[in-house]
Amino acid sequence: MKNFLRTNRLGIALLLLVSLASCTTTTIDEFRQGETGIENNESVVILGRRQASDYETRAEFVECVGEGMNRGENPISIVPEQEFIDAMFPWFEPRTAPLRTRDLERLMTEAVVSQKMTEFGVRYIVWLDGFTETTDRSGSISCAVGPGGGGCFGFGSWEDDANFNARVWDVGSLTNVGTISTDATGQSYLPAFIIPIPLLARVEANACSRLAIQLKDFVNGS
Amino acid sequence: MRGRMRTVLILVIALYLTACGVNNVVIEGSFPTPNINKLPLNVAVLYGSALTEFAYIEYSETGSEEYNIASGQSHIELFSTVLPAMFDGVVVVESIAEAQALGVDAIFEPIIEEFQLALPTKTKLDVYEIWIKYNMRLMTADGDYIADWVLTSYGKTPSESLRSVEAAINAAAIVALRDLASSFSLSFSKVPEVKDWLNTL
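First to last, the sequence lines map onto chains U and Y.
So in the working numbering the end of the first sequence lands on 222, straight run, no missing numbers.
So in the working numbering the end of the second sequence lands on 201, straight run, no missing numbers.
Isolated chain U, as found in the complex (with noise of 0.2 Å):
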């Protein structure tokens, strides 16, 4: 037993940093409003909110959900965001997308909004709106060259969190059907003897996983 603690004790330094590094708790949120469902032809749009001064929701975050919901069992069709964004130019630009679905009835008013809308055959429009932040940095690395070779040394952690909430619009009654919440936090580590060993909480890819397998639940109406 010594010996064999001996001889891969790098190994289970590794192994005990990397299931540190795995660390990442999620909460979801689900509050819901109304009934839901989809039919085969019908599909979901997942747009981003862009109207905070200081953030901007990430297309690759509402990409990365989208890809979820379409995957596994029960996929549900996706509009890509850029495509529909494009396709209704100027109706969906930050300034003029509608914050409420009062808005989107007003929207739905015009002919080529609600022709485009049919084109995809959209029942929900999803919202998502938030962030991931970096916050509870410590430590600290140096690295060093030479003419004998170079190195890094030292340690470094941060926290990352990341606070998404999708809301669920109806297309066919222009109503809010829901909204999903979700929140992840975990702990990522860099030590670095001669070279760093990014060891990453993979917070935002948890965050996206969870809230897909949910709205995806969500829209089924399961």
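Mixed in with the good hints there might be a few duds.
Covered by chain Y, according to a simulated footprint, are these stretches of chain U (three or more residues, beta-carbon under 8 Å) [stated by the list, open to error]:
| no. | stretch |
| --- | --- |
| 1 | 91 to 104 |
| 2 | 112 to 122 |
| 3 | 135 to 147 |
Calculated from the structure, these hints are not laboratory results.
Each residue gets a CB set at the ideal place from its N, CA and C atoms; glycine is no exception.
Fit chain Y to the supplied structure of chain U, relying on the hints for placement.
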């Protein structure tokens, strides 16, 4: 040996020049056609050299030229996409006299009045921002005043670790140009003077 020294010297000089020079950013992008109802008007568009050759220079905190942002051509591309979707007929003219000879309903002349850039290094926010202030002018075929109004556009893009500053400035500018296109196309007939003029037709 001498050849190798020369190569190293050239590389060092090139690096030195690159580090000191201004970074040129030419705004490039594509714009979708607006889905709006066309107005039954034949409009001549006059692009002045102040618009076609528009460039904004951002200075560093030490006062040296940091970024030279050329957005004139991207504005022409934007108006070339937006205006045909707004009016029945659009023709680009070089002068008011040319527009008079063509017998158009109105002459439109966009002018950039102000351009502002906010970099994350200066604002300490994780976004690149661009503000543009325009003066839109609408004249009769004879060059008489119809309307003259101010329009502002805004674009921002989040800072990303693997994206260059130039690419981020370009992305923010494209958002600002799309914002211009959306507000201009949706608000044109709501400008009081334009509305009054349209009612007289």
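Hint-by-hint comparison with the structure:
1. 91 to 104: holds (count 5)
2. 112 to 122: With 3 residues in contact (Cβ-Cβ under 8 Å with chain Y), the coverage given for the stretch 112 to 122 of chain U holds.
3. 135 to 147: violated (count 0)
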